[in-house]
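Turn these sequences into a full structure, and let the hints steer you where they fit.
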Amino acid sequence: EDQVTQSPEALRLQEGESSSLNCSYTVSGLRGLFWYRQDPGKGPEFLFTLYSAGEEKEKERLKATLTKKESFLHITAPKPEDSATYLCAVASSKGTYKYIFGTGTRLKVLA
Amino acid sequence: EAQVTQNPRYLITVTGKKLTVTCSQNMNHEYMSWYRQDPGLGLRQIYYSMNVEVTDKGDVPEGYKVSRKEKRNFPLILESPSPNQTSLYFCASSFYGSNQPQHFGDGTRLSIL
Chain A
-5 EDQVTQSPEA LRLQEGESSS LNCSYTVSGL RGLFWYRQDP GKGPEFLFTL
45 YSAGEEKEKE RLKATLTKKE SFLHITAPKP EDSATYLCAV ASSKGTYKYI
95 FGTGTRLKVL A
Chain B
412 EAQVTQNPRY LITVTGKKLT VTCSQNMNHE YMSWYRQDPG LGLRQIYYSM
462 NVEVTDKGDV PEGYKVSRKE KRNFPLILES PSPNQTSLYF CASSFYGSNQ
512 PQHFGDGTRL SIL
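If you're matching them up, the sequences are chains A and B in order. Per my numbering, the first sequence starts with residue -5, numbered consecutively. Per my numbering, the second sequence starts with residue 412, numbered consecutively.
Among the clues, some could well be false.
In silico BS3-like cross-links for lysine-lysine, where the CA-CA straight-line distance does not exceed 27 Å [claimed, not checked]:
(1) A:K102 with A:K51
(2) B:K476 with A:K88
(3) B:K482 with A:K92
(4) B:K468 with A:K92
(5) A:K36 with A:K51
(6) B:K476 with A:K36
(7) A:K63 with A:K51
(8) A:K92 with A:K36
(9) A:K62 with A:K51
(10) B:K429 with A:K88
(11) B:K468 with B:K429
(12) B:K482 with A:K88
Calculated from the model, a selection of chain A residues having no Cβ within reach of chain B, i.e. all distances over 12 Å [claimed, not checked]:
(13) N16
(14) L27
(15) L56
(16) K63
(17) H68
(18) P74
Derived from the structure by calculation, the hints contain no laboratory data. For every residue, glycine included, the Cβ atom is placed at its ideal position computed from N, Cα and C.
Here is the structure:
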């Protein structure tokens, strides 16, 4: 069964303190792995798509990486405005066109 | 402006009273999907549609219906709502199937008493 697990559930960082969020996945053929950011009261906002192991994507203070079993979202020198819930999702190539989301990591960056 | 629009944003209703949540996108996307988001359970897919007249079940379809008669619209229908369908609902759309990033609406908060 396709599954996505994110850790930690919650993370508090001081401004400038770099860290990484983890997304472990089990899927029958990976069609794509996605990272989203969700602010309170809003829908998820797309950040990155990764399609194959070894791929990396970068945007401002965020960098996403992918292996055959997991993905990391690295946050370098975070700022308070990076506080949000970060969601990971996978699309499998099992013959359906479903999306499976993890439960997210709630990030709080303190000034 | 490219967007996914859901209505209503908030609704309080009673058990058994049929309701429809509308979703419309202006990006000419083929793929549309509905999710519910519950604390501790994350986003779970209810139904999705690959194109007009093509729909399929997600992981939690029980108690819901959908239709896709036009490319831009994908309404979610609760024929006989029950309290366990109280949740935050999101509609999303993307190009060419599920391996593309999705654009989400701002959500509909449903409370069923």
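Tested hints:
| no. | hint | in the structure |
| --- | --- | --- |
| 1 | A:K102 with A:K51 | holds (23 Å) |
| 2 | B:K476 with A:K88 | holds (24 Å) |
| 3 | B:K482 with A:K92 | holds (19 Å) |
| 4 | B:K468 with A:K92 | holds (9 Å) |
| 5 | A:K36 with A:K51 | holds (24 Å) |
| 6 | B:K476 with A:K36 | holds (24 Å) |
| 7 | A:K63 with A:K51 | holds (17 Å) |
| 8 | A:K92 with A:K36 | holds (22 Å) |
| 9 | A:K62 with A:K51 | holds (16 Å) |
| 10 | B:K429 with A:K88 | violated (34 Å) |
| 11 | B:K468 with B:K429 | holds (20 Å) |
| 12 | B:K482 with A:K88 | holds (25 Å) |
| 13 | N16 | holds (15 Å) |
| 14 | L27 | violated (10 Å) |
| 15 | L56 | holds (15 Å) |
| 16 | K63 | holds (19 Å) |
| 17 | H68 | holds (19 Å) |
| 18 | P74 | holds (23 Å) |
The earlier numbered hints that this structure contradicts are 10, 14.
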